[in-house]
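Engineer: Now for the letters of each chain:
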Amino acid sequence: AQTVTQSQPEMSVQEAETVTLSCTYDTSENNYYLFWYKQPPSRQMILVIRQEAYKQQNATENRFSVNFQKAAKSFSLKISDSQLGDTAMYFCAFIPPQGGSEKLVFGKGTKLTVNP
Amino acid sequence: GAVVSQHPSRVICKSGTSVKIECRSLDFQATTMFWYRQFPKKSLMLMATSNEGSKATYEQGVEKDKFLINHASLTLSTLTVTSAHPEDSSFYICSARDSTTLSNQPQHFGDGTRLSIL
Chain A
1 AQTVTQSQPE MSVQEAETVT LSCTYDTSEN NYYLFWYKQP PSRQMILVIR QEAYKQQNAT
61 ENRFSVNFQK AAKSFSLKIS DSQLGDTAMY FCAFIPPQGG SEKLVFGKGT KLTVNP
Chain G
117 GAVVSQHPSR VICKSGTSVK IECRSLDFQA TTMFWYRQFP KKSLMLMATS NEGSKATYEQ
177 GVEKDKFLIN HASLTLSTLT VTSAHPEDSS FYICSARDST TLSNQPQHFG DGTRLSIL
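Line by line, the protein sequences give chains A and G. For the first sequence, the numbering used here begins at 1 and goes up steadily by one. For the second sequence, the numbering used here begins at 117 and goes up steadily by one.
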């Protein structure tokens, strides 16, 4: 079975500091896509960042960056200069390309609180 | 950018009522849409894959007759919770991806529907 594991149910960080959320996954596929989604209290799912497994370069989006370790099947999210608006649930997800399926496999999420 | 509209955002109804939730892709075509259920403080659980012009594909353990899905056009999928009971109360979210783009492009999510059955 293809799974995504987020081992940190909750984390907190001080405003302006850096925090890293961990994610590991299990798949026998060689090519797939990885995502981090953010779900604030409004419950809207917002894409934070994505990574194609065939790309060695780590994706970055402004204050958000990933550390993608394909051999270790690890896909952590680093948030720099944390802001109060970053408080949310963060879900790691990936799409295993099984015969063209686009099903997202989600982790259980990490609740991040940014403290003033 | 791509937007997915989900309606209604909130519904409260009596036990035994059927409730329809709509998911629309506003500026792109989606041959496939996805319906999720989310319990409080939990992750998203995929319920079914909605396929335009054909039957939906349900995940194991999801009752087809309970959760009816119709995907009659390239921009609209509906989820009907039939004869809803209190245990069906939950947060339901849909997602869709632009069918004309590469598969590495992300899914876009609706804002969700909070369903409360009294």
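Misleading hints may appear alongside valid ones.
In silico lysine-lysine, DSS-like type, Cα no more than 30 Å apart, as pairs [claimed, not checked]: (1) G:Lys136 <-> A:Lys103; (2) A:Lys73 <-> G:Lys136; (3) G:Lys180 <-> A:Lys78; (4) G:Lys157 <-> A:Lys73; (5) A:Lys111 <-> G:Lys157; (6) G:Lys171 <-> A:Lys111; (7) G:Lys180 <-> A:Lys103.
With the C-beta cut set under 10 Å, the calculated list includes, among others, these residues of chain A facing chain G [what the hints assert, rightly or not]: (8) Gln39; (9) Phe64; (10) Ala71; (11) Ile95; (12) Gly107.
Because the hints were derived from the structure by calculation, they are not lab data. Keep in mind it's a predicted model, so treat the numbers as computed, not measured. All C-beta atoms in this analysis are idealised placements derived from N, C-alpha and C, irrespective of residue type, glycine included.
Engineer: Quick one: which hint numbers does this structure break? Sort them smallest to largest.
Structural biologist: Of the numbered hints, 2, 3, 6, 9, 10 do not hold.
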